[in-house]
Amino acid sequence: MSHSALKIILASSLGLILSIPALEGAVIPASEAVAAEAAESDAESFLWVEVKKGGTREDYLAYLDEYPAGKYSALAKSRLKKMDADAANKVRMEREAATQLAVQEEQAAWDAANSAASEAGYEEYLRRYPSGLFAALVPARLVKVKKEANLHEEERQWTLAVGAGTSASFRAYINKYPNGRHVNEAAQKEEECNRVPARPQTPFAVSESVWRAIETSEGYRNTPRSKPLTISYQTKDQIEFTGSKSSTLPTPAATGKSVTKELTPIGGKCSVLRARYNYSQNNIQTSMDIYLCGSVPLGTEMNGKTATVTKSVELQGSLFPLRIGAEQSERVESAYIADSKYDSTVLTKWRVIGKNMAHDLNPKLTGAAWALKYEMNIRMPGANMNKTTVMEDYYLEDLGIFLSAVGEVDMSKMKSVLPTSGSQTAIVAEGEYGSRTTSTYQNYELVTGK
Numbered sequence: 004m005s006h007s008a009l010k011i012i013l014a015s016s017l018g019l020i021l022s023i024p025a026l027e028g029a030v031i032p033a034s035e036a037v038a039a040e041a042a043e044s045d046a047e048s049f050l051w052v053e054v055k056k057g058g059t060r061e062d063y064l065a066y067l068d069e070y071p072a073g074k075y076s077a078l079a080k081s082r083l084k085k086m087d088a089d090a091a092n093k094v095r096m097e098r099e100a101a102t103q104l105a106v107q108e109e110q111a112a113w114d115a116a117n118s119a120a121s122e123a124g125y126e127e128y129l130r131r132y133p134s135g136l137f138a139a140l141v142p143a144r145l146v147k148v149k150k151e152a153n154l155h156e157e158e159r160q161w162t163l164a165v166g167a168g169t170s171a172s173f174r175a176y177i178n179k180y181p182n183g184r185h186v187n188e189a190a191q192k193e194e195e196c197n198r199v200p201a202r203p204q205t206p207f208a209v210s211e212s213v214w215r216a217i218e219t220s221e222g223y224r225n226t227p228r229s230k231p232l233t234i235s236y237q238t239k240d241q242i243e244f245t246g247s248k249s250s251t252l253p254t255p256a257a258t259g260k261s262v263t264k265e266l267t268p269i270g271g272k273c274s275v276l277r278a279r280y281n282y283s284q285n286n287i288q289t290s291m292d293i294y295l296c297g298s299v300p301l302g303t304e305m306n307g308k309t310a311t312v313t314k315s316v317e318l319q320g321s322l323f324p325l326r327i328g329a330e331q332s333e334r335v336e337s338a339y340i341a342d343s344k345y346d347s348t349v350l351t352k353w354r355v356i357g358k359n360m361a362h363d364l365n366p367k368l369t370g371a372a373w374a375l376k377y378e379m380n381i382r383m384p385g386a387n388m389n390k391t392t393v394m395e396d397y398y399l400e401d402l403g404i405f406l407s408a409v410g411e412v413d414m415s416k417m418k419s420v421l422p423t424s425g426s427q428t429a430i431v432a433e434g435e436y437g438s439r440t441t442s443t444y445q446n447y448e449l450v451t452g453k
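Following our numbering, the numbering of the sequence shown begins with 4 at its first residue and continues without gaps.
Hints in this document: simulated from the structure, not taken from any laboratory. In this text the structure is predicted, and so the values were computed from the model without any measurement. Take the hints with a grain of salt, since some may be wrong.
[Stated by the list, open to error] Straight-line alpha carbon distances no greater than 30 Å define the calculated BS3-like cross-link-like pairs of lysine-lysine that follow:
| # | residue 1 | residue 2 |
| --- | --- | --- |
| 1 | Lys-260 | Lys-149 |
| 2 | Lys-367 | Lys-418 |
| 3 | Lys-239 | Lys-56 |
| 4 | Lys-367 | Lys-390 |
| 5 | Lys-248 | Lys-93 |
| 6 | Lys-418 | Lys-149 |
| 7 | Lys-93 | Lys-80 |
| 8 | Lys-248 | Lys-230 |
| 9 | Lys-230 | Lys-314 |
| 10 | Lys-418 | Lys-358 |
| 11 | Lys-418 | Lys-376 |
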């Protein structure tokens with residue numbers, strides 16, 4: 004409120020018919036002077052009452068401007084001093100609160116960096132608080148976390164090398180960590196892998212040229228050793244004739260089938276897959292033993308008699324150590340003992356296209372299941388056959404085997420699978436006497452390591 008406005012209000016309150024100029028410059032008689040002094044005193048009091056009501060800094064300053072030595076001047080100055088002190092105290096408290104909040108925020112950022120215990124965490128703290136309370140501790144913490152991260156990564160690489168169990172995987176570890184914690188053990192294991200393993204005994208003769216082709220190939224040297232596996236299941240099989248000469252035949256009744264497959268290591272990187280089939284309709288039992296070294300078939304036995312023998316092998320590239328994009332190819336010529344018309348040449352090309360978890364294929368499996376795509380060309384000149392098939396497969400890393408070696412082929416999906424109870428697979432035979440066999444799995448049991 005302005006000083007002039009306060010004077011007008013007070014004059015009106017006192018009932019004084021006085022003009023402002025008259026009060027400011029006229030010569031007043033003595034009797035009138037007493038009355039004027041009283042009026043002035045009352046004016047000061049009324050002004051003070053209004054000042055207290057307003058209670059603002061401006062009002063107190065206006066009062067002191069009008070009555071610098073008035074009877075309320077000391078009180079007005081005291082009020083102004085208190086206002087100044089309160090204002091200063093408010094500013095101080097706000098600054099302290101802001102400082103405390105900033106300290107709390109910085110402490111939270113530091114705690115977060117310590118919890119993360121990572122390079123990124125400490126570098127983020129330093130970016131936000133380059134001159135912070137804990138900035139001096141950051142260099143030492145970074146050295147520590149980098150060392151721990153390097154050790155963790157080295158252990159991870161060592162675990163991968165051991166899991167692959169190949170010469171290439173141990174060499175990769177040595178190259179990356181020449182002064183690593185496991186470098187001596189890696190060198191020893193690399194040497195062991197490079198030793199040519201003893202050749203397993205087979206019920207048929209394998210030529211020296213085949214053995215040399217296998218043992219000197221990169222793919223075989225890097226191939227992990229397989230582990231034991233047993234699979235058993237029962238199916239109902241329904242055949243549907245689809246060929247131009249077979250479609251008129253009556254559809255046979257569904258037949259039951261019991262199957263047991265056992266994969267057994269037989270030395271080095273070789274194994275034998277023994278499959279036993281029992282057909283319930285006519286109680287026919289058949290057996291087939293497939294001898295493998297790495298991915299190469301050495302030969303087969305059917306019902307205890309030699310059925311095929313590998314005559315020559317060519318191997319190029321290596322899928323191992325496993326990585327997306329790795330490629331391997333093999334050309335295998337086999338002789339069919341019972342009838343040379345079915346002698347064959349099989350050219351297979353693999354490529355790693357992805358990595359999945361093995362338990363997604365079967366809950367009892369562990370480790371990685373590397374997704375593969377392969378193209379297989381089968382030629383049987385004597386049987387006038389030249390067929391190319393593209394399929395999907397998996398390499399089960401913890402077992403050291405291709406899924407196609409122990410699983411089932413589902414030609415409706417063009418992939419190798421591990422069935423489950425109630426699932427179905429289909430085998431399709433093309434040509435004039437073509438057919439489609441659909442197998443429905445009544446149960447399916449997989450046991451590893453036995």
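Structure-based check of each hint:
1. Annotation: proposed proximity of Lys-260 to Lys-149 is violated, straight-line Cα distance about 59 Å (limit 30 Å).
2. Between the alpha carbons of Lys-367 and Lys-418 the distance comes to roughly 20 Å, so the proposed pair stays at or under 30 Å and holds.
3. Between Lys-239 and Lys-56, the direct Cα distance comes to roughly 101 Å. Violation of the 30 Å bound is thereby established for this hinted pair.
4. Of the supplied pair hints, the one linking Lys-367 and Lys-390 is violated, its CA atoms being roughly 35 Å apart against a limit of 30 Å.
5. Restraint check for Lys-248 and Lys-93: the C-alpha separation of about 102 Å exceeds 30 Å, so the hint is violated.
6. With a CA separation close to 44 Å, the supplied pair Lys-418 and Lys-149 exceeds the 30 Å bound.
7. With a CA separation close to 20 Å, the supplied pair Lys-93 and Lys-80 stays within the 30 Å bound.
8. For the suggested pair Lys-248 and Lys-230, the alpha carbons sit about 45 Å apart, so the restraint of at most 30 Å is broken.
9. Between Lys-230 and Lys-314 the CA atoms are separated by roughly 27 Å; this keeps the pair inside 30 Å, and the hint holds.
10. For the given pair, Lys-418 sits about 16 Å from Lys-358 by alpha-carbon distance, which is consistent with the 30 Å threshold.
11. About 9 Å separates the Cα atoms of Lys-418 and Lys-376, which keeps this hinted pair within 30 Å; it holds.
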